[in-house]
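Residues 2 to 597 (this note's numbering) make up the sequence shown, in order.
Possibly wrong hints are sitting among the right ones.
Each computed DMTMM-like pair below joins lysine to aspartate or glutamate, with the alpha-carbon atoms no more than 25 Å apart [claimed, not checked]:
(1) K31 with E58
(2) K55 with E100
(3) K303 with D108
(4) K159 with E264
(5) K411 with D61
(6) K31 with D544
(7) K411 with D342
(8) K129 with D72
(9) K129 with D34
(10) K411 with D72
(11) K159 with D281
(12) K411 with D365
(13) K411 with E350
(14) K411 with D108
(15) K411 with D38
(16) K352 with D372
(17) K352 with D378
(18) K129 with E53
(19) K159 with D269
(20) K129 with D38
(21) K411 with D378
(22) K55 with D134
(23) K303 with D372
(24) K159 with E560
(25) K303 with E53
(26) K31 with E51
(27) K159 with E58
(28) K159 with D108
(29) K159 with D134
(30) K97 with E53
(31) K129 with E185
(32) K411 with E33
(33) K31 with D72
(34) K55 with D38
(35) K352 with E311
(36) K97 with E69
(37) K97 with D72
(38) K129 with D108
(39) K97 with D108
Hint data in this document are derived by calculation from the structure and do not stem from the laboratory.
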Amino acid sequence: MKRWLGASLLSCMIATRASAQSTTPAKHSKYEDESLDQAIARFGSALELEPEGKILEGVDVVPLEVIEARDPAPGLLNMFHVTTRTGVIRREVLLKIGEPYRQYLVDDTTRVLRTFRQLSLVIATPTKGSAPDRVRLLIVTKDVWSLRAQSDFGVGPKGIDRLRIEPIERNVFGTFDSVFGRFELFPATIMFGGGLYVPRLAARALYFAADGNVILNRDHGHVEGSYGSAVVRQPQLSARQPWYWAMSTAWRNEIRRRYLNAEVATFDAPSTPEIERFPDAYRARSFTQNGQLTRSYGLARKNDLVVGAEVNVREYQGYDPRFHGAAFAADYRRLRTPTSDTRAAPYVEAKFYESRFMRTHDLDTLGLGEDYRLGYDVTLRAYPVLRALGSTRSFLGLSAYAQYSVRLGKDGLGRVTAETLVEAQTSDLPVRVHAGNAQLYSPRFFLGRVVVDGLAIVRPANYLNIRSTVGGESRLRGQPSGVLLGANLVAVSTELRTRPLHVLASQLGGALFFDVADATDGWPLRPKSSAGVGLRLVLPQLDRQVIRFDVGFPIQRAEGAGPIGFYFALEQAFAARTPDGWNSLANPIGTGALGQ
């Protein structure tokens, strides 16, 4: 314990020193500068250094080919890719021709375009117009190769823990629309499915997505479950947008299994003298339907009011005491199976946040610009759940989420987050959850960047019998996937990420990491730890996301841990950016608005 605390403190000292030495603002990366110079040369224009307030006379769009002369591949491959249409890029521009140039609208436009995974590079900059009081806007984009097979996997000492392959056409006819298939392999199941994403439904500011999937048992070949979702929403494109809304539905029916070293783990009831080896698995069914409307106020300091309603059904079925014994079934229900609960209720949220952003490089990706919100971000939510509406029980749910992000030096980021959830009935508080997270991304120095990420989740009242897992590809690399399980979780990860090398129009970096974590139902902690090395690769021709390959070596080993573990994924081990609209530490992505 002392060793990993010391390592984390040393990392913070290095990061703080780097922060104190940083005084210059962030600049474009070498790759971005090359792209901008190429686009300016194409138009024979020059940068406008004082554009604010001048009349915008035109928008020039330069969509770079996926394979350029600087890329390590033959340009003939461009015949098999349709470049994004310039009209698709132009429709996202929030500035109107004939109106005064406003930099904040250009910044909003850049941020919106960077949300599209079809683009790896986005640069928007003013150029000189035809007269001193005129200005033009130059937008440079680069498509990713749209037809590909996304994949990630985890390999432990006894085989593959997980394999995912998604063949996808991400930019159908250059429109940003996507269609995909899905294949997922686990030790006991195979999943097949597919879906589509339409970020601008009918060329309007409407996002639509839908997917459907079936789950097959590998031993018997029969269908044992399915899952899917559909969502349509009006996204928030600018701080000046007053209204936006969303509607969604999702279902999931599956057997949830706990895996250990590429096998289904077994469960032994502590209250029985026998040693049972029944599979650690239970049936889980869920259905969620949600609708919400948001009214947004303010500009630099935003105040949003959200009203919505949700139906949220969770059903769990463990072992039948008639066939496995009352003691075994009771132990499994107490230690593994979540509590079934049906909720139907309206809810109201108040959100307070700032419209300040920092632009930096080499946090979630490499060599490409990234935008992160700064300042405070607070969400307060209340939901009165009533039996009269078909719910399992009546209670009042209250949750609070607060985050503060600050720039460190020229291009670092510091962030602290706290969350609490309480569900109150007339006589007690059956649900109390508290969580905290601290993230430090040091300014870049001569070696690269130090990253420290700490997470704690505590459930002092756990009526829903929810547990967190850790181990595997992210917070405890080198240990078996999901090996640690408990109502409470504490994890700290430290990484030294090197500066990326510009190699053949790609960005290549390395990482050293040290992870320590524990998940437990009781105290004190008995943390497990691991260390290792990794490679990070970004191919702007393919994606903005990092291709990550980690090799982890357990130090304090968990049950079933081998001497080494390998992990491949299309993301950093822990991301600086959270999914759009998601603000919870304790609940997984996909949890409804009513606390489960």
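Now for the hints, and whether the structure bears them out:
1. Our distance criterion of 25 Å between C-alpha atoms is broken by K31 and E58, whose separation comes to about 29 Å.
2. Note on K55 and E100: the hinted pairing holds, with a Cα-Cα distance of about 8 Å set against a maximum of 25 Å.
3. Proximity of K303 to D108 is assessed by CA-CA distance (about 17 Å); at most 25 Å being required, the pair is judged to hold.
4. Distance check on the hinted pair: K159 and E264 sit about 8 Å apart at the alpha-carbon level, within 25 Å; holds.
5. About 30 Å separates the Cα atoms of K411 and D61, which puts this hinted pair outside 25 Å; it is violated.
6. At most 25 Å may separate the alpha-carbon atoms for a hinted pair to count; K31 and D544 meet this at roughly 18 Å.
7. Between K411 and D342 the alpha-carbon distance is near 48 Å, which puts this suggested pair outside the 25 Å criterion.
8. Restraint check for K129 and D72: not satisfied, since their Cα atoms lie roughly 30 Å apart, outside the 25 Å limit.
9. Pair hint K129 plus D34 holds up; C-alpha atoms about 18 Å apart against a cutoff of 25 Å.
10. With a CA separation close to 30 Å, the supplied pair K411 and D72 exceeds the 25 Å bound.
11. Among the hinted pairs, K159 with D281 is consistent with the structure: their alpha-carbon atoms are about 18 Å apart, no more than 25 Å.
12. For the proposed pair K411 and D365, the alpha carbon gap of about 17 Å is at most 25 Å, so the pair holds.
13. Taking the CA atoms of K411 and E350, the gap is about 34 Å. The hint is violated against a cut of 25 Å.
14. Our distance criterion of 25 Å between C-alpha atoms is met by K411 and D108, whose separation comes to about 18 Å.
15. Proposed proximity of K411 and D38 is supported: the alpha carbons are some 24 Å apart, at most 25 Å.
16. A distance of roughly 20 Å separates the Cα atoms of K352 and D372; the hinted pair therefore holds under the 25 Å criterion.
17. Proximity of K352 to D378 is assessed by CA-CA distance (about 7 Å); at most 25 Å being required, the pair is judged to hold.
18. For the suggested pair K129 and E53, the alpha carbons sit about 12 Å apart, so the restraint of at most 25 Å is met.
19. For the proposed pair K159 and D269, the alpha carbon gap of about 22 Å is at most 25 Å, so the pair holds.
20. Between K129 and D38, the direct Cα distance comes to roughly 15 Å. Compliance with the 25 Å bound is thereby established for this hinted pair.
21. Between K411 and D378, the direct Cα distance comes to roughly 22 Å. Compliance with the 25 Å bound is thereby established for this hinted pair.
22. Taking the CA atoms of K55 and D134, the gap is near 5 Å; set against the 25 Å cutoff, the hint holds.
23. In summary, the hint linking K303 to D372 is supported, as the alpha carbons are separated by about 18 Å, within the 25 Å threshold.
24. Between K159 and E560 the alpha-carbon distance is near 13 Å, which keeps this suggested pair within the 25 Å criterion.
25. Between K303 and E53 the alpha-carbon distance is near 24 Å, which keeps this suggested pair within the 25 Å criterion.
26. Of the supplied pair hints, the one linking K31 and E51 holds, its CA atoms being roughly 24 Å apart against a limit of 25 Å.
27. A C-alpha spacing of about 63 Å is found between K159 and E58, which places the hinted pair above 25 Å, so the restraint is violated.
28. Note on K159 and D108: the hinted pairing is violated, with a Cα-Cα distance of about 49 Å set against a maximum of 25 Å.
29. With a C-alpha separation of about 68 Å, the suggested pairing of K159 with D134 is violated against the 25 Å cut-off.
30. Straight-line distance between C-alpha atoms of K97 and E53 comes to about 14 Å, which keeps the hinted pair within the 25 Å bound.
31. This hinted pair does not check out: K129 and E185 have alpha carbons roughly 51 Å apart, beyond 25 Å.
32. In summary, the hint linking K411 to E33 is supported, as the alpha carbons are separated by about 18 Å, within the 25 Å threshold.
33. Distance hint between K31 and D72 is fulfilled; the C-alpha atoms sit about 14 Å from each other, no more than 25 Å.
34. Distance check on the hinted pair: K55 and D38 sit about 23 Å apart at the alpha-carbon level, within 25 Å; holds.
35. At roughly 19 Å between alpha-carbon atoms, K352 and E311 fall within 25 Å of each other, so this suggested pair holds.
36. The straight-line distance between the Cα atoms of K97 and E69 is roughly 31 Å, outside the 25 Å bound, and the hint therefore fails.
37. Pair hint K97 plus D72 does not hold up; C-alpha atoms about 35 Å apart against a cutoff of 25 Å.
38. Proximity of K129 to D108 is assessed by CA-CA distance (about 18 Å); at most 25 Å being required, the pair is judged to hold.
39. Restraint check for K97 and D108: the C-alpha separation of about 14 Å stays at or below 25 Å, so the hint holds.
When held up to the earlier numbered hints, the structure conflicts with 1, 5, 7, 8, 10, 13, 27, 28, 29, 31, 36, 37 and fits the remainder.
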